[in-house]
Structure formats: C-alpha cells, structure tokens
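Asks: Given these sequences and hints, build the entire structure.
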Amino acid sequence: MSDHPSPRAAELGVPAGYYDYPVVKRPVWTWEVPAYFWLGGLAGGAFLVSSAAELFGTDEDRLVARDGFVVAAAAALPCAPLLIKDLGNPQRFHHMLRIFKPLSPMNLGAWTLAAFTPVTLARAAAEAGRAGLLPGPLAAVARLLPRPLMNAAGSVLGAVLAGYSGVLLGATNIPLWAKSKLLGGVFMASAASSGVAAVMMAAARRRAPEKTLHKLSRLGTLATLGELAVLGAFLKQSGRAADPLVKNAFSVPFWAGAVGLGSLVPLVLEQVAGRRTGKFTRSLLTVSAVCSIAGSFCLRWTIFEAGKESAGDQAASFGLSRRTQA
Amino acid sequence: MIDAYRRFMNIEAPPAPQRPKGFFTDTSLCIGCKACEVACKQWNQLPADGNELSGNSYDNTGALGATTWRHVQFVEQAKANNSRVGQRWLMMSDVCKHCANAACLEACPTGALVRTEFGSVYVQQDICNGCGYCVPACPFGVIDRAPKDGHFEAGRAHKCTLCYDRQKDGLEPACAKACPTDSIQFGDIEELQAKARRRLADLRARGETSARLYGMPESTEAAEVGHLNAFFLLLDRPEVYNLPEVPRLPRKTMAQRYAISAVVGLAFAALSAVAFGRRSG
Ligand code: SF4
Ligand code: SF4
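Residue numbers (our numbering), protein chains in the order written: chain A, 1 to 326; chain B, 1 to 281.
Hints in this document: simulated from the structure, not taken from any laboratory. One thing to keep in mind: the hints can contain errors.
As the list claims (entries may be wrong) - Under the rule of at most 35 Å between Cα atoms (straight-line distance), these lysine-lysine pairs were calculated in the DSBU-like manner:
1. A:101 x B:168
2. A:85 x B:177
3. A:101 x B:79
4. B:79 x B:148
5. A:279 x A:211
6. A:247 x B:148
7. A:308 x B:79
8. B:79 x B:168
9. B:177 x B:195
10. A:85 x B:195
11. A:247 x B:195
12. B:252 x A:308
13. A:85 x B:148
14. B:41 x B:195
15. A:236 x A:247
16. B:195 x B:252
17. A:308 x A:85
18. A:101 x A:85
19. B:148 x A:308
20. A:236 x B:252
21. A:308 x B:41
22. A:247 x B:79
23. A:101 x A:279
24. B:41 x A:85
25. A:211 x A:308
26. B:148 x B:177
27. A:101 x B:252
Since this is a predicted model, take the numbers as computed values, not measurements.
Replies: Take a look at the structure:
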C-alpha cells in the first residue's frame with residue numbers, strides 16, 4: 001500500500017493492517033438473496049411497463065399490458081419464499097413485520113414486498129377475469145377490482161422493490177457495495193431492462209401486434225443503454241473496491257454474463273430486428289428478451305458474490321473508511 | 001391507554017434508563033493472557049471454536065464472531081532481520097464497541113437489536129430471525145450469525161452483551177472481572193473517559209507519543225458512529241489494530257442512495273410513458 005497509515009509500521013516495513021485479516025464480516029447470505037432481488041426487480045419493472053402501456057398506449061398496447069401483469073405476478077410470487085428461505089430462522093419471518101422501521105432498508109423492503117405481492121396477484125386476477133378464465137362468482141369479484149388504483153399502487157411499490165435492494169446492499173460496510181452510491185440506480189436500471197424484456201417475451205410469444213413489439217423493443221434498448229451508463233459510473237466510482245467483480249473471481253460471469261449476454265447481445269438483436277416484421281423478427285426479440293433476463297440475474301449474482309469477496313479485502317475496507325478517501 | 005394495554009397484554013414496563021456503562025480497554029496494560037476470552041466463553045457458555053494454529057503470533061482466535069465476544073490481538077512490529085531495535089509487541093483485547101450510533105441496531109428489521117438501559121447494544125434472542133443484515137452493517141466486523149446447521153443458537157445473530165445479565169445483578173462483566181492487569185476496566189462511561197484522558201496524558205508525558213484514545217466523543221472516529229461505549233487506548237494508529245480510521249454509519253448516505261435510485265426509476269417511468277404515447281410507434 002502506498003500511503004502507510006502507521007509511520008512506525010512503515011519504518012519497520014511491516015504491513016499496515018493486522019495481518020491480512022478482514023476488517024468487516026463476510027455477509028452470510030446465499031443465492032436466494034440475488035435471486036429474490038432479480039425476480040423482485042423484474043416483477044416491478046414489468047408491472048410499471050404494463051401500467052404505462054395501459055395508461056398511455058393504444059388498444060393494441062393494452063392487450064400486451066394484460067400479459068405483462070400476469071408476468072409480473074408470476075415473478076413476484078417466488079420472492080417471499082426466497083427471502084424467507086435465506087433467514088437463519090425462517091419460522092420467524094413474520095418478525096420482519098412486527099414493527100414498521102423504514103430506517104432499515106430490510107424492513108422497508110419486507111413491507112413493500114408484503115404489499116406488492118397481493119397487488120400484483122389481484123391485478124393478474126383482474127386480467128384472468130377479463131379473459132374469462134375465472135369461474136362465475138370469482139370473475140364478478142375480479143371485475144370489481146379498481147384497475148387504475150391497482151396500477152398506480154403497484155407501479156410505486158414495484159419501483160421501490162426494484163431499487164431498494166441496491167440501497168440495502170449499499171447501506172452496509174462492504175467495500176464493493178458501499179463505495180459508490182449508485183448501486184440502487186444500477187439495480188433499478190437492471191430491473192427496468194429485464195422488466196421490459198419479460199413483457200416483450202410474453203408479447204412476442206402471444207403474437208402481439210408488430211407495432212407494440214417495436215415500441216417494447218425500442219424501450220428495451222433505451223433501458224439497456226441507461227443501465228450500461230449507470231453501471232459504468234458505478235464501476236468508475238468503486239475503483240479498486242470493484243476488483244473482485246471486474247478483474248478477479250467474478251470477472252468472467254460479470255463481463256460475459258451481465259454485460260455481454262445481458263446488455264450487448266440484446267442491443268444488437270434489437271437493432272437487427274429494427275422495424276422488421278414476421279416470424280423471424282419475433283424469434284429474434286424473444287431471444288433478446290431471454291438474454292436480457294438472464295443477464296439481469298448475472299448482474300445481481302456477480303455483484304452480490306463479488307461483494308462477499310470484497311468483505312475480505314482489508315485495504316479496500318481501509319480505503320472506504322479513511323478520512324481522506326483514496 | 002398504553003398502561004391499560006400493557007396490563008392487559010401482560011407486558012412489563014421497560015426498565016428505567018441508568019447512567020451509561022461501558023469498557024475502557026487500555027492496551028498499554030494488556031499482557032495477552034486471554035483471561036478475558038476464557039472468562040467470556042465460560043460465563044456466556046459459548047462453545048469452543050476449534051484448535052487451529054494461525055501462525056500469526058499468539059492469535060489463534062482470529063476474529064470476533066458469533067461464539068467469540070472477546071478477541072486478543074497480537075501485533076508484532078519487528079524488522080525482518082529480527083533485530084531487537086525498535087521491536088514491539090502490541091496486544092489488544094477487542095470487543096463489540098456498543099456504538100452510540102450503532103449500525104447493527106439501525107439495520108435490524110425486526111427490532112431484535114435494542115439499546116439497553118445500561119447504554120449497551122443487545123440482541124434479543126427471542127426476536128432475531130437471522131436475517132443477517134446486521135453482519136455487513138457493522139463497520140468493525142463484530143456481530144455474526146451462528147451457522148444455520150450448528151449446535152449453538154443456530155441461525156441467530158450474536159455478539160457481546162456487555163454481560164447484561166451480570167449488570168442486572170450489579171456485577172461487572174466477566175472479562176473485566178478476570179483481567180489481571182486492569183487493561184479492561186468497566187464502569188460509568190463518563191468516569192472512564194476522564195480516567196482515559198488522565199492515563200493518556202501520563203503516557204505521553206512518559207514519552208509514549210504515539211499513544212491515542214479511540215472512540216472518545218471528541219475524536220475523529222466518532223464523526224459518524226458517535227462515541228464508543230467500549231473505547232480503547234491504543235499505542236499506534238487504529239489501522240494497526242484493524243480498526244477503521246473513521247468507521248462509517250450506513251444511515252449517513254442512505255437518503256442519497258434512495259434519491260439516486262428514485263431518479264433512475266422516474267426516468268424509466270417517463271421513458272415508458274413516451275414509448276407508449278399514442279403518437280409514437
Ligand atoms: S461494534 Fe458493531 S456490533 Fe457492536 S454495537 Fe457497534 S455496530 Fe453493533
Ligand atoms: S440477524 Fe437478527 S439481530 Fe441481526 S439484523 Fe437480522 S433480525 Fe436483527
């Protein structure tokens with residue numbers, strides 16, 4: 001290390017810190033956490049896109065929004081089980097809701113998920129009712145559900161769910177997660193691009209009108225470009241704290257999976273698809289959507305795991321807590 | 001109302017706050033005997049952590065954790081050629097700092113982590129659901145979750161309780177009681193702070209110019225986490241003991257982080273609205 005924190009240690013040529021021991025504890029969380037952040041983000045993003053399509057779009061767009069709400073509900077459903085499975089004492093999961101403490105992002109997130117999940121389920125049920133998939137009395141109930149209200153509530157809750165996960169990781173003392181303040185923005189952008197992709201995937205499969213597909217594809221391109229921009233800024237600000245992500249242990253899944261598969265491939269495919277129509281274009285957009293969704297998981301997973309690695313980086317911890325930030 | 005509710009639900013009234021108590025750990029007196037580690041394990045009935053030799057001086061404990069609430073560090077400062085000149089062996093008994101602004105307590109979503117009437121930070125074992133958020137929140141790497149498949153209080157977070165049970169009975173914590181050199185002193189925080197200032201002046205006067213206090217209300221490390229209810233007299237810079245120069249309190253940057261995330265979210269919402277606007281496409 002160049003700047004030596006102890007003149008005495010420098011004079012003796014011994015290390016600055018205490019052996020190579022970590023300063024902070026390695027997070028105990030496992031794969032369920034990034035999986036939940038990924039699905040929660042996707043659900044939030046898909047819900048928001050669908051609401052926008054319903055509010056601002058043409059009649060054709062509205063048809064696609066219906067599928068979008070179902071996709072959002074399907075993605076939201078496994079979130080709570082994943083979150084619960086990761087707890088040290090899963091049978092006490094409800095202790096998260098014994099208090100309301102928004103100061104703790106974990107508590108805020110638990111409440112958001114607890115509110116978002118039923119809204120998405122109800123919203124999907126309303127669509128199922130409209131499509132005649134529900135038996136008589138249930139369909140009558142589903143018809144009574146206030147759609148615009150659900151759209152508004154679900155969009156706000158979904159956006160919170162998409163972004164809070166990055167804030168949650170950022171509000172710790174783990175160098176990679178905490179150094180830059182942009183992680184919440186990165187996760188939000190990734191949720192946006194994967195949410196659009198999920199709706200596009202459903203739309204392409206369901207033979208949605210070409211015009212709507214093109215709108216989704218263009219929105220996906222913009223969201224992906226935005227995601228790359230925020231991610232770039234995040235990496236730049238993180239500096240050497242990001243080494244486990246960009247250089248060491250998780251560089252391959254990060255560059256190939258999160259950036260290549262998740263962003264670059266969809267950008268190219270969406271360009272190739274352009275304004276073309278036909279079966280081949282639909283397949284292209286489907287592949288693009290699948291890549292974007294898979295890349296979004298890679299992004300959460302690599303940042304999560306690389307963060308755990310960076311907890312062991314003594315020098316990065318010191319860098320984070322110096323009076324004059326290196 | 002509240003009182004009636006409490007009676008009805010059979011809830012005890014919270015204990016009245018006392019004058020805050022804490023530890024002053026004077027590392028200049030530590031002889032590395034680890035009596036504190038042993039006394040802590042015994043009193044709190046914490047299981048052993050195995051018999052591995054680290055090869056790093058006499059430190060075979062390694063770190064604080066779910067079952068290790070005192071950890072004696074051995075810093076060897078010696079030239080590579082083993083010359084005795086300038087050689088120093090620093091020892092320090094590390095412990096949970098019971099921060100005035102505790103990151104672990106603020107992060108805890110269940111309210112399991114509380115501030116006790118003695119000013120210490122305490123995990124209520126019947127509330128903690130093992131979410132693990134306190135673990136990366138602590139700037140000192142103190143608190144940890146016991147393994148889910150372990151035998152000791154599986155899947156819940158643990159750390160020093162400042163011997164809450166002993167304090168309830170007017171006893172000092174086990175480590176302070178056991179320390180043969182009074183390197184660990186327990187008492188009224190304000191009195192300890194005064195004592196520490198006197199001790200520092202004394203050491204400086206005797207030529208120990210690199211001595212410093214860590215965790216006093218006026219010192220730089222208190223900028224975010226506040227003063228430490230377990231504070232230290234050190235003989236070198238904090239980082240030599242793996243202590244951060246300015247421990248961070250995650251709450252301080254949280255609003256900015258939410259704001260950035262919200263800006264990105266709003267930008268996306270606006271893009272979506274434009275993308276589906278009837279005139280486009
Ligand atoms: S040292 Fe860590 S575990 Fe102890 S009170 Fe402070 S933040 Fe909590
Ligand atoms: S692991 Fe327990 S004490 Fe730690 S934050 Fe979660 S609920 Fe609170």
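Asks: Is the straight-line distance between the alpha-carbon of residue 101 of chain A and that of residue 85 of chain A 35 Å or less?
Replies: 22 Å, holds
Asks: Is the Cα-Cα distance between residue 41 of chain B and residue 195 of chain B 35 Å or less?
Replies: 28 Å, holds
Asks: Given the hint that residue 247 of chain A pairs with residue 195 of chain B, test it: the Cα-Cα distance must not exceed 35 Å.
Replies: Distance ~49 Å between residue 247 of chain A and residue 195 of chain B Cα, so the pair is violated.
Asks: For residue 79 of chain B and residue 148 of chain B, compute the direct alpha-carbon distance and say whether it is at most 35 Å.
Replies: 44 Å, violated
Asks: Does the structure keep residue 308 of chain A and residue 41 of chain B at a Cα separation of 35 Å or less?
Replies: 28 Å, holds
Asks: Run the distance test for residue 236 of chain A versus residue 252 of chain B: straight-line Cα separation, threshold 35 Å.
Replies: Within the cut-off at roughly 22 Å; holds.
Asks: With a cut-off of 35 Å on the C-alpha distance, tell me whether residue 41 of chain B and residue 85 of chain A pass.
Replies: Between residue 41 of chain B and residue 85 of chain A the Cα gap is close to 31 Å, so the pair holds against 35 Å.
Asks: Below or equal to 35 Å on CA atoms is what counts here, so check residue 236 of chain A against residue 247 of chain A.
Replies: 13 Å, holds
Asks: Verify the proposed pairing of residue 85 of chain A with residue 148 of chain B, using a straight-line Cα cut of 35 Å.
Replies: 11 Å, holds
Asks: Taking 35 Å as the top limit, are the C-alpha atoms of residue 101 of chain A and residue 168 of chain B close enough?
Replies: 28 Å, holds
Asks: Please verify whether residue 101 of chain A and residue 252 of chain B have alpha carbons no more than 35 Å apart.
Replies: OK: residue 101 of chain A and residue 252 of chain B at ~16 Å, within 35 Å.
Asks: Is the hinted pair residue 177 of chain B and residue 195 of chain B satisfied, with a Cα-Cα distance of at most 35 Å?
Replies: Distance of about 18 Å is within 35 Å: holds.
In this structure, the earlier hints numbered 2, 3, 4, 8, 10, 11, 23 and 25 are contradicted, and the remaining ones agree with it.
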